[in-house]
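**Q** Take a look at the letters that make up each chain.
Number of protein chains: 2
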Amino acid sequence: MRGRGPAMAEEAAVRAQADAVRRLKQDKADPDEIAKEVAKLLEMKAQLGEDEGKHKFVLKTPKETLTGKYGEDSKLIYDLKDQGGELLSLRYDLTVPFARYLAMNKITNIKRYHIAKVYRRDNPAMTRGRYREFYQCDFDIAGQFDPMIPDAECLKIVHEILSDLQLGDFIIKVNDRRILDGMFAVCGVPDSKFRTICSSVDKLDKVPWEEVRSEMVGEKGLSPEAADRIGEYVQLHGGLDLIERLLQDPKLSQNKLAKEGLGDMKLLFEYLTLFGITEKISFDLSLARGLDYYTGVIFEAVLLHQENEHVEEAVSVGSVAGGGRYDGLVGMFDPKGRKVPCVGVSIGIERIFSILEQRLEASEEKIRTTETQVLVASAQKKLLEERLKLISELWDGGIKAEMLYKKNPKLLNQLQYCEDTGIPLVAIVGEQELKDGVVKLRIVATREEINVRRESLVEEIRIRTSQC
Amino acid sequence: MRGRGPAMAEEAAVRAQADAVRRLKQDKADPDEIAKEVAKLLEMKAQLGEDEGKHKFVLKTPKETLTGKYGEDSKLIYDLKDQGGELLSLRYDLTVPFARYLAMNKITNIKRYHIAKVYRRDNPAMTRGRYREFYQCDFDIAGQFDPMIPDAECLKIVHEILSDLQLGDFIIKVNDRRILDGMFAVCGVPDSKFRTICSSVDKLDKVPWEEVRSEMVGEKGLSPEAADRIGEYVQLHGGLDLIERLLQDPKLSQNKLAKEGLGDMKLLFEYLTLFGITEKISFDLSLARGLDYYTGVIFEAVLLHQENEHVEEAVSVGSVAGGGRYDGLVGMFDPKGRKVPCVGVSIGIERIFSILEQRLEASEEKIRTTETQVLVASAQKKLLEERLKLISELWDGGIKAEMLYKKNPKLLNQLQYCEDTGIPLVAIVGEQELKDGVVKLRIVATREEINVRRESLVEEIRIRTSQC
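Order-wise, the sequence lines are chains A and B. Under the numbering used here, the first sequence is numbered contiguously, ending at residue 504. Under the numbering used here, the second sequence is numbered contiguously, ending at residue 504.
Any given hint could be a false lead.
One copy or any two copies: either way a pair holds, since identical chains are not told apart in the list.
To be verified - Taking lysine-lysine pairs in the DSBU-like style, the calculated list, with each CA pair at most 30 Å apart, reads: (1) Lys442 to Lys153; (2) Lys292 to Lys436; (3) Lys153 to Lys142; (4) Lys292 to Lys372; (5) Lys476 to Lys64; (6) Lys302 to Lys442.
Worth flagging that the hints you see were computed from the coordinates, not collected in a lab. Just so we're clear, the structure is a prediction, and the values are computed from it rather than from any experiment.
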């Protein structure tokens, strides 16, 4: 909720103000003006405050951080007031906090993933994995690099995740904000309407073109001719062939932005060909993505409707990953506006989990929820102390061991517990075994039992449960 | 922030109300009374609401959840108001949400850990790892079990964590709320003052007895005689010997609660002896723990001051873990008050990290921050496509590989990158290697280079980077 890094931005601002005061004094400016600027400087210093340690910190309210970054989605930001009446917000996504983090810590080069909760003031729909509080999983690459190499890596990762999880058939739609803006320009959309028309286009995956068109014309005041021209472009989707065709398009090819975007799109497809994943990639002119901060390539992965023998109910979840390039966002947090180009992707893990869970339920497969390697059990009564001693040895040896928290559990109940929870081994202490210096190791699956010398038990369990 | 599980508690309440209405009708009760109860039932049903799917959910505001669980610490709860004016709170710890989760989902038996953020409206002290927003790591065992077995496991885990992390010498103080309450009773503290006197005692790790005594007598109205009697007890600490002595104490041994607590404490020490960890455990009558919800054993791990040749500044962080038994908390969330006994521990990972970081800084050791196994590099220009193809093969083979996001990086820069980041291997493609169907594999540490057939590269990298 609150910034934690050194308040570099504020310190820089204070230094700038101190310089300004110094210059005014040197220039023998109007004393009233000097006094005004000195007062401002003192206030800034007071606000900066001091921590008890050697570093200085300022606790930032993140409201300023979120304002003006999300466009029409801003209404979904979860605003809150704390006891002191300060306006706070719960983070809407992980991208804006990431950009702020880079700017505050002057990081110009990083690749990282981040799994954490975000908040939306939206109508929740639990059965489809849509909540007000939910996890996101973001992967981003920040830094000044040669074009489209990190962008291609992001798409490769999305492809890898969706393939490995075997979520069924999917498609990753790609487009570029510059191509969209160029398209809007050649269609006759006034500059001032680019963002709002873009967010109308963004609705095309949910509502039919006719509705989007009437929003553009009716609510947003676009001319019907411009809307119809957009309508022709946004039904286009394809691969390298479509890119080549649009590069020859008499109108688009005259627009600088569109040409840049199409050139990079071509490069991206070349790299994706080397990665062997173009089969699942669709260059789609109707893809817009609602958020304001994207500046280049944008993409969104959607699961395709599927008939599955195991899944009775149709699993309809739509978009499961999305992202794009946002080269201007870090600069918005830097006092000097220094830019750090970024590209990243957000994986909808909550939705993906809801699909996996539904599928698992349908398949009636049993999944182990613990990694316990062995249950420490006893064959007779009054052996609690011996079980505690043995489990301690196993824990100290790095073995994942459990025992029933009962003084005198029945052996049958202990074995049943292993069957129920999928624990593969049982280490049984009994009076005879204690005398002989051995432990009886039972393999739950086969019911085979062997005596293992106590000093070899850790190693024996390790071997029998190691699987790579 | 908001409850997500099926609203079982509410549904149960609605069913109970429906039963009550049915009985009133059967009994031909006063029609006015029936009408009143029906109205109540309808209101409850309306509140329960309906989700669009097959399940019913109620979104709970967590304010009610937190109120009345933390005693005098409640002032540190971070209250917030959302746009709708609802009073919300950010979670203060992970224990109360855990208890709520068990009650809502009728779970009577679970062992789990949970690492997540909590919020305190406190004065932050960054240099000592104290923040308003910070991570906690909790481990809890819930269920009706034989006495002190799960409690001993919690202490074993704390001991294991602090030992394995080599945080220096530490001590785990243990006490029992029942011993404290018994002690207060025999010292002449009125029942109504137990909780507030307990939170005075809790301050003994930070302020001297004289100050605590004057708070008890001056602010909280305790008689000086009672305070002095408490003063004698709270200076006691030791092991099994002290427990035995107090079991013979003429006053304490007459108090039922104290006797129960001391009996369990003895059992706990027997189990800890079997775990081999009593050396670091101190039964300490001054340990109180501020929170209201504890009902039995309580404990707190503190790092002892240490002189370390590597660490210039004294690292003073105090308590790094704490917890105890809270048998009543789950019942507070259950509509029928059904109890689920729990014991758990909270690890102060943020403080522990701050110690580890300070130590690392002092030692000037370099720690790898990535797990990258191999850098895919090129020896000549114009090999970007070949690098992309190779890295894709490695990724598909499960190898952690990176490459520089440059079209034509210099070989020297690529090798330097490995030196800087600790990547152990470089897979180099060059024109000759491509012709020969091999990749040059360079071992960064030794500068040795070998040619590996391309189809064996994944296996070769796996072997050379496998360490267990």
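**Q** Run every hint past the structure and note whether it holds.
**A** Here's how the hints hold up against the structure:
In this assembly of identical chains, the alpha carbons of lysine 442 and lysine 153 never lie at most 30 Å apart, being 38 Å within a copy and 34 Å across copies at closest. Taking the shortest Cα distances, lysine 292 and lysine 436 never come within 30 Å of each other, neither inside one copy (62 Å) nor across copies (39 Å). For a Cα distance limit of 30 Å, the shortest separation of lysine 153 from lysine 142 qualifies both inside one copy, at 25 Å, and across copies, at 25 Å. In this assembly of identical chains, the alpha carbons of lysine 292 and lysine 372 lie at most 30 Å apart only when taken from the same copy (28 Å versus 70 Å across copies).
Within a single copy, lysine 476 and lysine 64 get their C-alpha atoms no closer than 92 Å, and across copies no closer than 66 Å, so neither meets the 30 Å cut-off. In this assembly of identical chains, lysine 302 and lysine 442 lie within 30 Å of each other by CA distance solely across copies; the values are 18 Å between and 67 Å within a copy.
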